[in-house]
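Residue numbers (my numbering), protein chains in the order written: chain A, 1 to 303; chain B, 1 to 303; chain C, 1 to 258; chain D, 1 to 258.
By construction, these hints were calculated from the structure, which means they are not laboratory data.
Every clue listed holds true.
Calculated cross-link-like contacts (lysine-lysine; reagent style DSBU-like; alpha-carbon spacing at most 35 angstroms):
(1) Lys14(A) with Lys205(B)
(2) Lys113(A) with Lys32(A)
(3) Lys11(C) with Lys85(D)
(4) Lys33(C) with Lys38(A)
(5) Lys285(B) with Lys28(B)
(6) Lys205(A) with Lys232(C)
(7) Lys285(B) with Lys85(C)
(8) Lys80(A) with Lys14(A)
(9) Lys11(D) with Lys136(D)
Just some of the chain C residues that point at chain A, by a computed CB distance under 10 angstroms:
(10) Met1
(11) Ile2
(12) Arg3
(13) Arg42
(14) Glu48
(15) Leu51
(16) Arg52
(17) Leu93
(18) Ala225
(19) Phe227
(20) Cys231
(21) Asp240
The C-beta atom is built at its ideal place from N, Cα and C for all residues, glycine as well.
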Amino acid sequence: MNRLAVELPGLSLKNPIMPASGCFGFGKEYAKLYDLSKLGAIMIKATTLETRLGNPTPRVAETAAGMLNAIGLQNPGLEKVIAEELIWLEQYEVPIIANVAGTLTEDYVEVAKHISKSKNVKAIELNISCPNVKCGGITFGTDAAIAAELTAAVKAVSEVPVYVKLSPNVTDIGEIARAVEASGADGITMINTLIGMRLDTRTGKPVIANGTGGLSGPAVKPVALRMVYEVAKQVSIPIIGMGGITTVDDVIDFMSAGASAVAVGTANFVDPFVCPNIIDQLPEKLDWLGYHHVTELTGRSHR
Amino acid sequence: MNRLAVELPGLSLKNPIMPASGCFGFGKEYAKLYDLSKLGAIMIKATTLETRLGNPTPRVAETAAGMLNAIGLQNPGLEKVIAEELIWLEQYEVPIIANVAGTLTEDYVEVAKHISKSKNVKAIELNISCPNVKCGGITFGTDAAIAAELTAAVKAVSEVPVYVKLSPNVTDIGEIARAVEASGADGITMINTLIGMRLDTRTGKPVIANGTGGLSGPAVKPVALRMVYEVAKQVSIPIIGMGGITTVDDVIDFMSAGASAVAVGTANFVDPFVCPNIIDQLPEKLDWLGYHHVTELTGRSHR
Amino acid sequence: MIRQERMRVVKHKEIAHNIFELTLIGQLVHDMKNPGQFVHIRVSESYEPLLRRPISIASIDRETLEFTMIYRAEGRGTTILSQAKPGQEVDVLGPLGNGFPLGQASDGEHVLLIGGGIGVPPLYELSKRLVDVGVKPIHILGFQSADVVFYENEFRELGETHIVTVDGSLGHQGFVTNVLDSIAEEVSTYFACGPTAMLGALQNALPDTKGFLSYEERMGCGLGACFACVCKTTEAVEADYVKVCSDGPVFPAGVVRL
Amino acid sequence: MIRQERMRVVKHKEIAHNIFELTLIGQLVHDMKNPGQFVHIRVSESYEPLLRRPISIASIDRETLEFTMIYRAEGRGTTILSQAKPGQEVDVLGPLGNGFPLGQASDGEHVLLIGGGIGVPPLYELSKRLVDVGVKPIHILGFQSADVVFYENEFRELGETHIVTVDGSLGHQGFVTNVLDSIAEEVSTYFACGPTAMLGALQNALPDTKGFLSYEERMGCGLGACFACVCKTTEAVEADYVKVCSDGPVFPAGVVRL
Ligand SMILES: Cc1cc2nc3c(=O)[nH]c(=O)nc-3n(C[C@H](O)[C@H](O)[C@H](O)COP(=O)(O)OP(=O)(O)OC[C@H]3O[C@@H](n4cnc5c(N)ncnc54)[C@H](O)[C@@H]3O)c2cc1C
Ligand SMILES: Cc1cc2nc3c(=O)[nH]c(=O)nc-3n(C[C@H](O)[C@H](O)[C@H](O)COP(=O)(O)OP(=O)(O)OC[C@H]3O[C@@H](n4cnc5c(N)ncnc54)[C@H](O)[C@@H]3O)c2cc1C
Ligand SMILES: Cc1cc2nc3c(=O)[nH]c(=O)nc-3n(C[C@H](O)[C@H](O)[C@H](O)COP(=O)(O)O)c2cc1C
Ligand SMILES: Cc1cc2nc3c(=O)[nH]c(=O)nc-3n(C[C@H](O)[C@H](O)[C@H](O)COP(=O)(O)O)c2cc1C
Ligand code: FES
Ligand code: FES
Numbered sequence: 001m002n003r004l005a006v007e008l009p010g011l012s013l014k015n016p017i018m019p020a021s022g023c024f025g026f027g028k029e030y031a032k033l034y035d036l037s038k039l040g041a042i043m044i045k046a047t048t049l050e051t052r053l054g055n056p057t058p059r060v061a062e063t064a065a066g067m068l069n070a071i072g073l074q075n076p077g078l079e080k081v082i083a084e085e086l087i088w089l090e091q092y093e094v095p096i097i098a099n100v101a102g103t104l105t106e107d108y109v110e111v112a113k114h115i116s117k118s119k120n121v122k123a124i125e126l127n128i129s130c131p132n133v134k135c136g137g138i139t140f141g142t143d144a145a146i147a148a149e150l151t152a153a154v155k156a157v158s159e160v161p162v163y164v165k166l167s168p169n170v171t172d173i174g175e176i177a178r179a180v181e182a183s184g185a186d187g188i189t190m191i192n193t194l195i196g197m198r199l200d201t202r203t204g205k206p207v208i209a210n211g212t213g214g215l216s217g218p219a220v221k222p223v224a225l226r227m228v229y230e231v232a233k234q235v236s237i238p239i240i241g242m243g244g245i246t247t248v249d250d251v252i253d254f255m256s257a258g259a260s261a262v263a264v265g266t267a268n269f270v271d272p273f274v275c276p277n278i279i280d281q282l283p284e285k286l287d288w289l290g291y292h293h294v295t296e297l298t299g300r301s302h303r
Numbered sequence: 001m002n003r004l005a006v007e008l009p010g011l012s013l014k015n016p017i018m019p020a021s022g023c024f025g026f027g028k029e030y031a032k033l034y035d036l037s038k039l040g041a042i043m044i045k046a047t048t049l050e051t052r053l054g055n056p057t058p059r060v061a062e063t064a065a066g067m068l069n070a071i072g073l074q075n076p077g078l079e080k081v082i083a084e085e086l087i088w089l090e091q092y093e094v095p096i097i098a099n100v101a102g103t104l105t106e107d108y109v110e111v112a113k114h115i116s117k118s119k120n121v122k123a124i125e126l127n128i129s130c131p132n133v134k135c136g137g138i139t140f141g142t143d144a145a146i147a148a149e150l151t152a153a154v155k156a157v158s159e160v161p162v163y164v165k166l167s168p169n170v171t172d173i174g175e176i177a178r179a180v181e182a183s184g185a186d187g188i189t190m191i192n193t194l195i196g197m198r199l200d201t202r203t204g205k206p207v208i209a210n211g212t213g214g215l216s217g218p219a220v221k222p223v224a225l226r227m228v229y230e231v232a233k234q235v236s237i238p239i240i241g242m243g244g245i246t247t248v249d250d251v252i253d254f255m256s257a258g259a260s261a262v263a264v265g266t267a268n269f270v271d272p273f274v275c276p277n278i279i280d281q282l283p284e285k286l287d288w289l290g291y292h293h294v295t296e297l298t299g300r301s302h303r
Numbered sequence: 001m002i003r004q005e006r007m008r009v010v011k012h013k014e015i016a017h018n019i020f021e022l023t024l025i026g027q028l029v030h031d032m033k034n035p036g037q038f039v040h041i042r043v044s045e046s047y048e049p050l051l052r053r054p055i056s057i058a059s060i061d062r063e064t065l066e067f068t069m070i071y072r073a074e075g076r077g078t079t080i081l082s083q084a085k086p087g088q089e090v091d092v093l094g095p096l097g098n099g100f101p102l103g104q105a106s107d108g109e110h111v112l113l114i115g116g117g118i119g120v121p122p123l124y125e126l127s128k129r130l131v132d133v134g135v136k137p138i139h140i141l142g143f144q145s146a147d148v149v150f151y152e153n154e155f156r157e158l159g160e161t162h163i164v165t166v167d168g169s170l171g172h173q174g175f176v177t178n179v180l181d182s183i184a185e186e187v188s189t190y191f192a193c194g195p196t197a198m199l200g201a202l203q204n205a206l207p208d209t210k211g212f213l214s215y216e217e218r219m220g221c222g223l224g225a226c227f228a229c230v231c232k233t234t235e236a237v238e239a240d241y242v243k244v245c246s247d248g249p250v251f252p253a254g255v256v257r258l
Numbered sequence: 001m002i003r004q005e006r007m008r009v010v011k012h013k014e015i016a017h018n019i020f021e022l023t024l025i026g027q028l029v030h031d032m033k034n035p036g037q038f039v040h041i042r043v044s045e046s047y048e049p050l051l052r053r054p055i056s057i058a059s060i061d062r063e064t065l066e067f068t069m070i071y072r073a074e075g076r077g078t079t080i081l082s083q084a085k086p087g088q089e090v091d092v093l094g095p096l097g098n099g100f101p102l103g104q105a106s107d108g109e110h111v112l113l114i115g116g117g118i119g120v121p122p123l124y125e126l127s128k129r130l131v132d133v134g135v136k137p138i139h140i141l142g143f144q145s146a147d148v149v150f151y152e153n154e155f156r157e158l159g160e161t162h163i164v165t166v167d168g169s170l171g172h173q174g175f176v177t178n179v180l181d182s183i184a185e186e187v188s189t190y191f192a193c194g195p196t197a198m199l200g201a202l203q204n205a206l207p208d209t210k211g212f213l214s215y216e217e218r219m220g221c222g223l224g225a226c227f228a229c230v231c232k233t234t235e236a237v238e239a240d241y242v243k244v245c246s247d248g249p250v251f252p253a254g255v256v257r258l
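Work the whole structure out from these sequences, hints included.
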């Protein structure tokens, strides 16, 4: 029996490791490096109703132990994603979590309705936390009532479980988590990026064309870990944790704090093989900790 | 004429560099390393009405390009601070900014009233953002109305200008800033620490006895810089910026974003001479940027 | 195939002010195809600096499995890289991107190779490969000043070479575009790498000549997955955008909107 | 005086499994007074790892201006430190804290020096200094297992030495407290450094002997400014708390509340 297997609403994961949305595209590039079937799941790039060309460049900037990004949800749009990307991904034995974004509630609903029909899409990840678009995105993620409403609307049409991706840029993330749980969310994914900024010291102007960007990478791990720990105490739906995960030890920490599975984002840029490497290291780490099954890790900080 | 001099409410700074509260004690230790009169000002450790012994240890933990702390506002209490620490500091030609903390509004008012009478205390820094105490502190800093009320109460009794220290752990820091400005704050200091956590991977338990701690150091700079940039657009009172400042370039960045002066915290632990070193490097940096006076830097990102 | 490999430092020296020539050895060299491809380098094990640094391949030696890069140590990452000692290992991801197309010019034809600053290195391997097939390269190499000029002789050995410096401290004073007119020969194609402003000026200056330009953009993954390095395109092409890392860094003139 | 200095690595070698002996040279040695003081080390220029690492001074040579530390490479920072090569520079802040009081025992008297694991190093300089004034040290050194035992002979040369290992792979099996009874001589004073649990056990085992214990706490500044390393005190002393970095790390038995 597989020591790494994790069962979550809609998702039968052979292991709890998956690339985070936006850090893995639709898989094609990494498929050249390793077999995607090795992954627990894949969170694809945010998909919107229409094609989006995103923000002007520069879109990324490096910071101390982290990076800022303001891609701006660039993606080919619902139709192309279904017809080209998702179909292509069917060749792999890996559940897809479709990250859904939009400007208005109707956009989210429309995208969720159709994309959830795709054969390999096993769950929706409702992106109410993108800090890099003028409207939509984070505006949904910082108000509990609005977040709850959107969750309910998407739940009503989705044919697969709905996970809501929370923004860390809030005073009380527990409140938002409880609100989306109450309105039917099947799970929570967290955290999205912290809003940050880097200036060009010479000119004094922002390095990123968009001005601000989303902070990710090892620098944010302490904040992400604490938020997962907090939310785990307040909701009973499963959490997929992320935020700076780079090593197998980071995975242990997030699961200990209460995550049932984890996503790896920025680390894919530093080491494109980070996901398969972590998956290979997990069993030995479980032995070292004296656990038989990876699910035993979830929430051990709280015991 | 001094290229580095900065005039702020209550404060005539010979330069815009000062150690941040809690990272410099009451100056005694660093006085063994260099002449404190060299500093623009000194933000002393948070002072409460009564003696506080703080949290159990471990109180600090290292994180990627940052650290967590949960000291718990340990300090000898108002009386001793005035009678021993502040008197001792009078031998130096440096304005003192007294960081004031408490549990109830009355505590803040009482401390501010008395400490603001001390000869060398030129301003109060109202600490409504300490994440490491069970009550008081941050609870005041995450609600605009409460923050405004406390500010007004302290303003009413303080004999020196009042700067309010903002917490980054909020959805809309601009709202809090505007609220305290409206209720009479003379200036804003920002940011305090981000709430974070580190787990011992082996045991799964928090490294810091308090559980969570405040994240500081280079890792938080992008978040701090973005918040200073945002608040500078929304208020007209001066900002003393901080959060990860370690080099003279960091100082330029914070002033460009809108700060009139800056505070250096965690970096004092990495390099105890960081403040005097930055002060020595500033003039050359101004030349490099083509500015004559340091005040010309303030807000250049917005021009 | 793209590999990640800890390659060993064979040679590493400063060949001009803050300009370093770094030679690495490893299996990854097997897969290097066209000049103009690049590698993505992790300069330290630490989380700071975090991201890889894209650096062009300046010359390839398939026999010895060695390749050489030339880079400017300016910021945090490249400065750390510049301290790597022979025998030490460097984490390299590559080869990445599509380089300059070979076989665009034929035996005896003249072509222009125009480089600006740290855009010069990839032109060296390109020039060698063109010379191998009898093409006659003419090099126009622009630099800030004499102290940062490198590989002048290496290029002269391959063909006519014009050095241009902004401050006139070596060769012609001004920009690479200033010497274009002084080129007597009939050129069929031009290849360029350098700052975007330079590439734009060249497209305007050589509207009727077939050209291939190598672009720079801030990168995340370097693989085509993160959409960090996209450039909008002109009406000339169908796609709305291209990715510098995976579709480029080299594009035919007129493709990228400037 | 406390200084910050880039000191040069003179010697650096692994003397037991993951246990390194590092000798540095520099002016800072002038100011080293008592054994038991420590230095605060920055292991890299990078922001990661960020904080300094406190390491005890294991021996001092005023003539050559060299001092030696012995540390275990376990976590991120000490592992990076363990790669420092002779000739390289290390950023050292120190000397910090107040060490073991000398002159507590007089000529001919026997004293106990008890160390646990990486708490053993500071006892070496202490023992040398005691021997210099005719005091007779008896060493009880506890380790996990034989492979991490170090300086056994160095201590034997200075006086009676008992090695204790948890797994019994060398010397007595068990804890340092197990061998206390087997000490025949009358001892006037004991000095100890090691895990807090060990220090507590010793205080209970030697209630009527004058003792000085060196404590460990997580540190920020290392100077006394940040209140990171505070320990609550017993009723025996007036102060409510002490700081390990500046008031300690050595305290008389009975001062720190355990
Ligand atoms: C396809 C390609 C090929 C390149 N080839 C070379 C080469 O052969 N020689 C050479 O010296 N330089 C080359 N560059 C530029 C080189 O990547 C940057 O100079 C380098 O990344 C700067 O890193 P740093 O640590 O010095 O600066 P930092 O300021 O520390 O860099 C901070 C961040 O910004 C990025 N960045 C900064 N400047 C640039 C830039 N001009 N282009 C892309 N990213 C940048 C860095 O990669 C890093 O992520 C190339 C760039 C690209 C895109
Ligand atoms: C006064 C004093 C003297 C010491 N003398 C020695 C010595 O001579 N030899 C030796 O091997 N060790 C000594 N230590 C312990 C040594 O400081 C730690 O082993 C070391 O800091 C661990 O760092 P790391 O990079 O290996 O671990 P990491 O896990 O990377 O450390 C993370 C953070 O926790 C801190 N930390 C971790 N363990 C300890 C600890 N036990 N005590 C204090 N801080 C810790 C680190 O300083 C760092 O800030 C001493 C500690 C103190 C307080
Ligand atoms: C370049 C980049 C693009 C991202 N795009 C998306 C996205 O489209 N949708 C989304 O929900 N999150 C997106 N994120 C956020 C990540 O999914 C993840 O939540 C965040 O980066 C924290 O994880 P990390 O520190 O491991 O990167 C993006 C992050 C990065 C760095
Ligand atoms: C050990 C430590 C203790 C602190 N104590 C206080 C305090 O007493 N009062 C306060 O307002 N801020 C306190 N802070 C926050 C700092 O003043 C500063 O706002 C924060 O650390 C960000 O700056 P930095 O990144 O430069 O450290 C403390 C920070 C640290 C690291
Ligand atoms: S750098 Fe990620 S797509 Fe080009
Ligand atoms: S470490 Fe800062 S007071 Fe001891």
